[in-house]
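Q: Take a look at the letters that make up each chain.
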Amino acid sequence: MSESPIDRFMNPIRRIIRDEVAQLTYLGTWEYAVNSVNDDGTVNVTATSPSCPLPSLNNVAQASGTEGGTSTPGVGKMCNVRFINGDPTRYVVVGNQSLVKVATIDASETVAIGASVSNAVVLAGGDAPVARMGDACTVYFPIGTTPCFGTITPLPPAGGAFVGNITFTSPAVGVIGTGAPKVLA
Amino acid sequence: MNPAVADQIAVSIRALIRDEFPQLTYSTTWEYAITSANADGTVNGVATSPIPLPPLNNVPIASLVLGGVCAPVIGSNFLVDFINQDGARYAVISAEAARVATVDASESIEVGESATVKLGPEGAQPVGREGDKVTVFFPVGILTGTLNGSPYTGRLSILSPTSGIVTSGAERVHA
Chain A
1 MSESPIDRFM NPIRRIIRDE VAQLTYLGTW EYAVNSVNDD GTVNVTATSP
51 SCPLPSLNNV AQASGTEGGT STPGVGKMCN VRFINGDPTR YVVVGNQSLV
101 KVATIDASET VAIGASVSNA VVLAGGDAPV ARMGDACTVY FPIGTTPCFG
151 TITPLPPAGG AFVGNITFTS PAVGVIGTGA PKVLA
Chain B
1001 MNPAVADQIA VSIRALIRDE FPQLTYSTTW EYAITSANAD GTVNGVATSP
1051 IPLPPLNNVP IASLVLGGVC APVIGSNFLV DFINQDGARY AVISAEAARV
1101 ATVDASESIE VGESATVKLG PEGAQPVGRE GDKVTVFFPV GILTGTLNGS
1151 PYTGRLSILS PTSGIVTSGA ERVHA
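First to last, the protein sequences are chains A and B.
Under this note's numbering, the first residue of the first sequence is numbered 1, with each subsequent residue one higher.
Under this note's numbering, the first residue of the second sequence is numbered 1001, with each subsequent residue one higher.
Quick caveat, the hints were computed from the structure, so don't treat them as lab data.
Don't be surprised by glycine CBs; every beta carbon is placed ideally from N, CA and C.
It is possible that some hints are incorrect.
What the hints assert, rightly or not - These stretches of chain B come out as covered by chain A in the derived footprint (C-beta under 8 Å, 3 or more residues): (1) 1006-1019; (2) 1023-1032; (3) 1047-1053; (4) 1071-1078; (5) 1114-1122; (6) 1126-1135; (7) 1149-1161.
Unchecked claim - Partial list, derived from the structure: chain B residues whose beta carbon lies under 10 Å from chain A: (8) Ala1037; (9) Leu1056; (10) Val1059; (11) Ala1095; (12) Thr1102; (13) Ser1106; (14) Val1140; (15) Gly1145; (16) Arg1172.
Unchecked claim - Label pairs and their in silico Cβ distance ranges: (17) Pro1151(B) <-> Pro171(A): 26 to 32 Å; (18) Asn1038(B) <-> Gln23(A): 33 to 39 Å; (19) Asn1038(B) <-> Phe141(A): 52 to 58 Å.
When you get a sec, could you build the whole thing from the sequences and use the hints?
A: Structure below.
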């Protein structure tokens, strides 16, 4: 079939536009599946969509995001990949689509978690307050009386040998004297 | 050039570009405002400025690299990305404000190996752990028995505190 006059005019324009915006493919967010995790924390991935024009990628680093977090995803799990500067050679994982195996938050000085929370910072699904250095604790003695013996001084008669029972009618109180110096709550 | 022909060419070029790059709209990040949140954790939102996209419903919160998700605040803004440049696959990639922030993993979460970690608004005192030292102050004890063979009742005051250790802790929270 012969080209119409419009087609003869438009087809070169179409090629020019395609050439000029070749990096458009690298401006989106693409879904990949994790094939394997490397020792350095990078992953090897394959695109999940048949329509994705991108190849499998190896040694893909993770963009930590503003929170300084990295993770170890599970093999076979989905992740999202973006290309930095629209450059096909600069790809990073920007997100995971399911629960990761290991999540790591780190910083060179301070990791602050929940400075604004009005309810609670919950660690590992816990429901009890974390104890801190300086917090009070209570020590309970055996219920009832406890056999004891010893020497009483200087109460009269001094030096007497005591044999009998001791009863504490209230528990002892204490304070936690040490703690993790780099975990503050 | 005949104006009618010029107009036809312009229309054709515009149609060509739209036809060639339907994914262009879905290649960037868009700002929406949350209108409501759903029970399954997804949100519904409308664009914050005139854009070529409709309101979106049931938008899931994409977990970032860390594995974190959040329950955002209604009325706050969030950013949406389209996966694979597909207009039907969208996800929240960033929320302006969160009511609940969750970081989770199937094996472990490691926080601050290189840093001081501050938990909660106070964040001032070291966290106590199993094995940490405690100082115990005794109450007065009541003595009842015999002293040199005679009945005796008295009080025992232990003036110096003794020390102990924390013997249990949260099994899955280590510091």
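Q: Closer than 8 Å Cβ to Cβ for three or more residues is the test here. Does the region 1149-1161 of chain B pass it with chain A?
A: It holds, with 4 qualifying residues against the three required.
Q: Under 10 Å, Cβ to Cβ, is where serine 1106(B) needs to be relative to chain A, so tell me if that hint holds or is violated.
A: 5 Å, holds
Q: Tell me if chain A covers the region 1023-1032 of chain B under the three-residue, 8 Å CB rule, please?
A: With 5 residues close enough to chain A, the hint holds.
Q: Does valine 1059(B) pass the interface hint, meaning its C-beta sits closer than 10 Å to a C-beta of chain A?
A: 14 Å, violated
Q: Honestly, do asparagine 1038(B) and phenylalanine 141(A) meet the 52 to 58 Å range at C-beta?
A: 54 Å, holds
Q: Has the region 1047-1053 of chain B got at least three residues whose CB is nearer than 8 Å to a CB belonging to chain A?
A: violated (count 0)
Q: Taking 26 to 32 Å as the stated bounds, is the beta-carbon spacing between proline 1151(B) and proline 171(A) within them?
A: Taking Cβ atoms as reference, proline 1151(B) and proline 171(A) lie about 28 Å apart, which means the hint holds.
Q: Could you see if the CB distance from asparagine 1038(B) to glutamine 23(A) stays within 33 to 39 Å?
A: 36 Å, holds
Q: Is the hint on alanine 1095(B) kept, meaning its closest Cβ partner in chain A is under 10 Å away?
A: 12 Å, violated
Q: Is the shortest C-beta separation between leucine 1056(B) and chain A less than 10 Å?
A: 15 Å, violated
Q: Holds or violated: the hint that arginine 1172(B) contacts chain A, with Cβ atoms closer than 10 Å.
A: 4 Å, holds
Q: Min Cβ distance, threonine 1102(B) to chain A: is it shorter than 10 Å?
A: Holds. Min distance 9 Å.
Figure legend: structure checked against the earlier numbered hints; hints not met, in rising order: 3, 4, 8, 9, 10, 11.
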